[in-house]
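Colleague: By this note's numbering, the letter at position 56 of the sequence shown is numbered 671, and the numbering carries on one by one without gaps.
Source of the hints: derived by calculation from the structure; they are not laboratory data. Worth double-checking, as some hints may not be accurate.
[As the list claims (entries may be wrong)] Once the Cα atoms are required to be at most 25 Å apart in a straight line, the calculated DSS-like pairs of lysine-lysine come out as:
hint, residue 1, residue 2
1, Lys-714, Lys-652
2, Lys-648, Lys-715
3, Lys-661, Lys-714
4, Lys-648, Lys-661
[To be verified] DEER-style ranges, computed between Cβ atoms:
hint, residue 1, residue 2, range
5, Tyr-692, Gly-625, 27 to 35 Å
6, Gln-688, Tyr-718, 40 to 48 Å
7, Gln-655, Thr-713, 29 to 37 Å
Note that the structure is a prediction, hence the values are computed from the model and not measured. Backbone N, C-alpha and C fix where the C-beta goes; we use that ideal spot for every residue, glycine too.
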Amino acid sequence: MDLIIKVLIGLVAFIHCYILWLEMFAWTTRGPKAFNKSLQELENSKVLAANQGLYNGFLAAGLIWTFFISDAQWHNYVALFFLSCVAVAGIYGALTVTKKIFYIQAVPAILVIVLILMR
Numbered sequence: 616m617d618l619i620i621k622v623l624i625g626l627v628a629f630i631h632c633y634i635l636w637l638e639m640f641a642w643t644t645r646g647p648k649a650f651n652k653s654l655q656e657l658e659n660s661k662v663l664a665a666n667q668g669l670y671n672g673f674l675a676a677g678l679i680w681t682f683f684i685s686d687a688q689w690h691n692y693v694a695l696f697f698l699s700c701v702a703v704a705g706i707y708g709a710l711t712v713t714k715k716i717f718y719i720q721a722v723p724a725i726l727v728i729v730l731i732l733m734r
């Protein structure tokens with residue numbers, strides 16, 4: 616079970632590293648296809664997207680940090696905190712932007728939260 620949880624935490628962290636890259640560095644190149652928006656719309660929101668990307672990077676960093684915590688209880692607390700932040704961000708994104716965000720961000724985080732709590 617521990618290995619599955621670690622792999623899933625790694626997956627959630629990877630997703631957020633990808634979102635960081637997309638929002639900070641590829642907003643106007645890959646963004647139009649990923650977000651189904653025009654290049655002009657994305658040009659107008661480039662700075663805002665970079666800021667959002669930075670926050671996604673902080674979420675990924677927090678999840679990556681859990682791999683370096685040897686105390687199991689402390690590991691769980693830190694993982695649950697950052698996974699909860701990801702879940703809330705995914706739920707908010709689904710309510711305000713597109714429902715697809717719920718499945719990309721919130722569902723994986725909620726799954727790992729459930730597995731940690733069931734352990």
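Colleague: Are the hints correct? Go through all of them and say.
Modeller: Now the hints, each set against the structure:
1. Restraint check: the Cα-Cα separation between Lys-714 and Lys-652 comes to about 16 Å, which is no more than 25 Å; the hinted pair holds.
2. The hinted pair formed by Lys-648 and Lys-715 meets the criterion: a straight-line CA distance of about 14 Å does not exceed 25 Å.
3. With a C-alpha separation of about 22 Å, the suggested pairing of Lys-661 with Lys-714 holds against the 25 Å cut-off.
4. Taken as a hint, the Lys-648 and Lys-661 pair is honoured in the structure, with Cα atoms around 15 Å apart against an allowance of 25 Å.
5. Between Tyr-692 and Gly-625 the CB atoms are about 18 Å apart, so this pair departs from the stated range of 27 to 35 Å.
6. With their beta carbons about 31 Å apart, Gln-688 and Tyr-718 fall outside the hinted range of 40 to 48 Å.
7. Between Gln-655 and Thr-713 the beta carbon distance is about 19 Å. The supplied range of 29 to 37 Å is therefore violated.
In the structure shown, a violation is registered for the earlier hints numbered 5, 6 and 7, in ascending order.
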